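Just need the whole structure built from these sequences, with the hints factored in.
Protein chains in written order, with my numbering: chain A, 1 to 180; chain B, 1001 to 1580.
Heads up, a few of these hints could be off.
What the hints assert, rightly or not - With a straight-line cut-off of 25 Å between C-alpha atoms, the simulated DSS-like cross-links for lysine-lysine are:
| id | chain 1 | residue 1 | chain 2 | residue 2 |
| --- | --- | --- | --- | --- |
| 1 | B | Lys1432 | A | Lys170 |
| 2 | A | Lys91 | B | Lys1442 |
| 3 | B | Lys1442 | A | Lys98 |
| 4 | A | Lys98 | B | Lys1432 |
| 5 | B | Lys1442 | A | Lys168 |
| 6 | A | Lys81 | B | Lys1252 |
| 7 | A | Lys55 | A | Lys81 |
| 8 | A | Lys168 | B | Lys1018 |
| 9 | A | Lys170 | B | Lys1442 |
| 10 | A | Lys36 | B | Lys1358 |
| 11 | B | Lys1514 | A | Lys100 |
| 12 | B | Lys1432 | A | Lys100 |
| 13 | B | Lys1018 | A | Lys170 |
| 14 | A | Lys81 | B | Lys1399 |
| 15 | A | Lys36 | A | Lys100 |
| 16 | A | Lys91 | A | Lys81 |
| 17 | B | Lys1442 | B | Lys1399 |
| 18 | A | Lys98 | A | Lys81 |
| 19 | B | Lys1482 | B | Lys1514 |
| 20 | B | Lys1358 | B | Lys1018 |
| 21 | B | Lys1399 | A | Lys36 |
| 22 | B | Lys1442 | A | Lys81 |
| 23 | A | Lys168 | B | Lys1399 |
| 24 | B | Lys1013 | B | Lys1252 |
If you are wondering where the hints come from, they were derived from the structure by calculation, not from laboratory data.
Quantities reported herein were computed from a predicted structural model and do not represent experimental measurements.
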Amino acid sequence: MITALVIMALGAVVLGAALGYASIRFKVEGDPLVEKIEAILPQTQCGQCGYPGCKPYAAAISAGEAEINLCPPGGMDGVRKLADLLGREVKPLQAEEKPKQVAIIDEQTCIGCTLCIQACPVDAIVGAAKQMHTIIEPLCTGCELCVKPCPVECIHMQPIAENLDNWKWKYPVIEIKRAA
Amino acid sequence: MLAQLFGFKGGVKPQTNKTPSVQQPIGVAPLPPRLFVPLHQSIGGAPNPLVQAGERVRKGQLIGGADGWVSAAVHAPTSGTVLAIEQHVAAHPSGLPTLSVVIEADGLDEWIDRRLIDHRSLAPERVREILRDAGVVGLGGAAFPSHAKLTPARAVPVEHLVINGAECEPFMTCDDMLMRERAEEIVRGIAIFRDLLAARQVLIGIEDNKPEAIAAMQEAVRRLAEDYAVVGVPTRYPAGGAKQLIRVLTGKEVPASKRSTELGVQCFNVATVYTAYRALAHGEPVVSRIVTLTGNVRQPRNWDVRLGTPMCDVVALGAPMADTSCYLMGGPMMGFEIPDLAIPVVKATNCIIAGSPKLFPPNPPEMPCIRCGACAEACPHELQPFELYWFSRARNFGKTQEYHIFDCIECGCCSYVCPSHIPLVQYFRFAKSEIWSREREKNAADAAKARFELRNAREEREQAEKAERLAKAAAARTTERKVPSAGPVAPDGQPAVADFVAVSPTSDAEAIKKAAIAAAMERARAQRELAQPRNTEQLNAEQRRQIAAVEARRAAARAAPAVEPDIPSAVPASPPRVGE
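Structural data, given as structure tokens:
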């Protein structure tokens, strides 16, 4: 009887020690779920979801504070992926889906106030005080954050047109008329 | 000669339809009045334009410089004037525009000064550079810059150099005619490639439905006393695929993740070899290519066409029949329908087929997949097209990649044999381009995230630095305030003087600064007053005197508080102004 108790107690101590050691040794820094969510988000850093960037939004989703349908740049595709990852229901997007766009500065009108440079979350605008500013188009995420601060309204958003680099083969269309 | 040929799995045997276009020798297409030369004609970087509108160019002059190592230069196909560098519809299924150089031919066809080069006298690196600047690319259809393939892998010596003259696509005969008519130049070109790669054995693979080409090549090899093996390979589509031909000739199977160089094999098209020879031995960059014009035309034939010639000019040479409904660029298996006859002939244009409803009857309606497995049997890459089809159709792109969609060469065998007439290749193309586009988006997102984090880190650092600076300044101010108060406390004259000396520059500087600020404020006030209209300017002398008296009284009243500092200033210190 006592032997059995001792063996069980010993087992519990050994296993407990092993688990305790493992929890310290293999501790995961940060929340892996937040990272997974963040990987799905488009990293536009536009704040249209109401959070100051994609990471805070990911953290809010992970904490259950935010809905998964608040990210317009991610589109319905993003909502579907988030729903798959989190096992939540797919909901319609809370804003209208826009085509991918890029900001354009009208360089004739620009007065060089640097306000847009301060607003750009990805440092995609070059310029200096009282000098003309311009957008580095490949770096622009189309977040629209630079449009509002401009005092002379010289920034507008332009949808990215189809070109040879981003052209895609279309989904084959099944012609029902002919089949019928 | 080779003792043994190997087979490859799958493949189909479509009707070849090659006879009509080999009845006549290669013709030289007339010079069109205007040429539209796209700058981006190869895989890799898009060349940068080197000419300006209005400039006169000569035939063979560099008009687009190679951008990076994997890129090939572009040249003026004839002499004439550059009219513009503008967007012109590209030789691409989308019909989207691409940057092109528009040249108006002057009809002189005047060459640049051609320099003949003996490749043996130069270092291999230099030869590769010359080939890049001569615009030599794979003319089999992929347009991959050839010089990039001519670097042997360090670890593996090149065992076999495979020269691809199989030309397995139906209708197409441009390589066939080239081998028949210009075999000697091809064989001389092979020597260049063999030397660059230090290849041990050269294998020339030609499908056995081209006996004339095989005979011509054998004859040329014999005449030039080379030890190349000219091998007739069984006619079966796609025997001309690089991996298939390598397998048939050497028995080596190139794995998906590896390139053939790593197995000691390299493969080039006969037309590529020919242009490389012309580039080195004649100093002629790639300005034209042989194009098969066939199908629903009265005079099918192979033409030597300048690059940049609009398709409509080429098509007119064959006199298309009245019921021609469409044109294909490339073969019927892998080509695409030309969206606009304004598109120019480019380096990848090997064949133009005029189609009619009789020649290419419209596809019967797509029926459900019955999982018969015919596509899997026909697939030369031993994929499972029916699985790929399910997943592409359902947009389950992760699964398509698990089933190796990127090993698919889009040869069209599966669509050809499908009893349900499913356009399988179209599904695979759709899935591939979708995966690529997602990959691009993912990379862009990662880059944006990195930049965002960098910016945040910078802002935090700047804020911390600013706070530190302010704290330091505050500390300096408190010590400063302490120092003058410590001065008079000093016991005797000596240290007090030293203190005074130490402190006086600071207080002097401060006084100067204060004076400067006061002066600036005064200036600003004066400016403000000047800018504001005064209502005293149109008064008569009597009124002015009265105002002056008021002003004097006011000034006296203002001076009074200064004399008696105990009374708090009840009079506003603002400058006097009438009508306030």
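Can you confirm whether the C-alpha distance between A:Lys91 and A:Lys81 stays at or below 25 Å? The hint holds at about 11 Å.
Does the structure keep B:Lys1018 and A:Lys170 at a Cα separation of 25 Å or less? 32 Å, violated
Restraint status (C-alpha distance of A:Lys98 to B:Lys1432 at most 25 Å): Holds - the C-alpha atoms of B:Lys1432 and A:Lys98 are around 24 Å apart, at most 25 Å.
Would you mind confirming whether the straight-line C-alpha gap from A:Lys91 to B:Lys1442 stays at or under 25 Å? 23 Å, holds
Decide if the proposed pair is consistent with the structure: B:Lys1514 and A:Lys100, CA atoms, cutoff 25 Å inclusive. 55 Å, violated
Does the alpha-carbon distance linking A:Lys55 and A:Lys81 stay inside the 25 Å limit? 17 Å, holds
Run the distance test for B:Lys1358 versus B:Lys1018: straight-line Cα separation, threshold 25 Å. 17 Å, holds
Do the alpha carbons of A:Lys168 and B:Lys1399 lie within 25 Å of each other, as the hint requires? Within the cut-off at roughly 19 Å; holds.
Take the C-alpha atoms of A:Lys81 and B:Lys1252, compute the straight-line distance between them, and say whether it is at most 25 Å. Violated, at roughly 42 Å.
Has the given pair, B:Lys1442 with A:Lys98, been kept, meaning a C-alpha gap of at most 25 Å? Within the cut-off at roughly 18 Å; holds.
Compare the distance between the alpha carbons of A:Lys168 and B:Lys1018 with 25 Å, and conclude whether the hinted pair is satisfied. 32 Å, violated
CA of B:Lys1013 to CA of B:Lys1252, is that 25 Å or under? 23 Å, holds
Of the numbered hints stated above, those contradicted by the structure are hints 6, 8, 10, 11 and 13, listed in ascending order.
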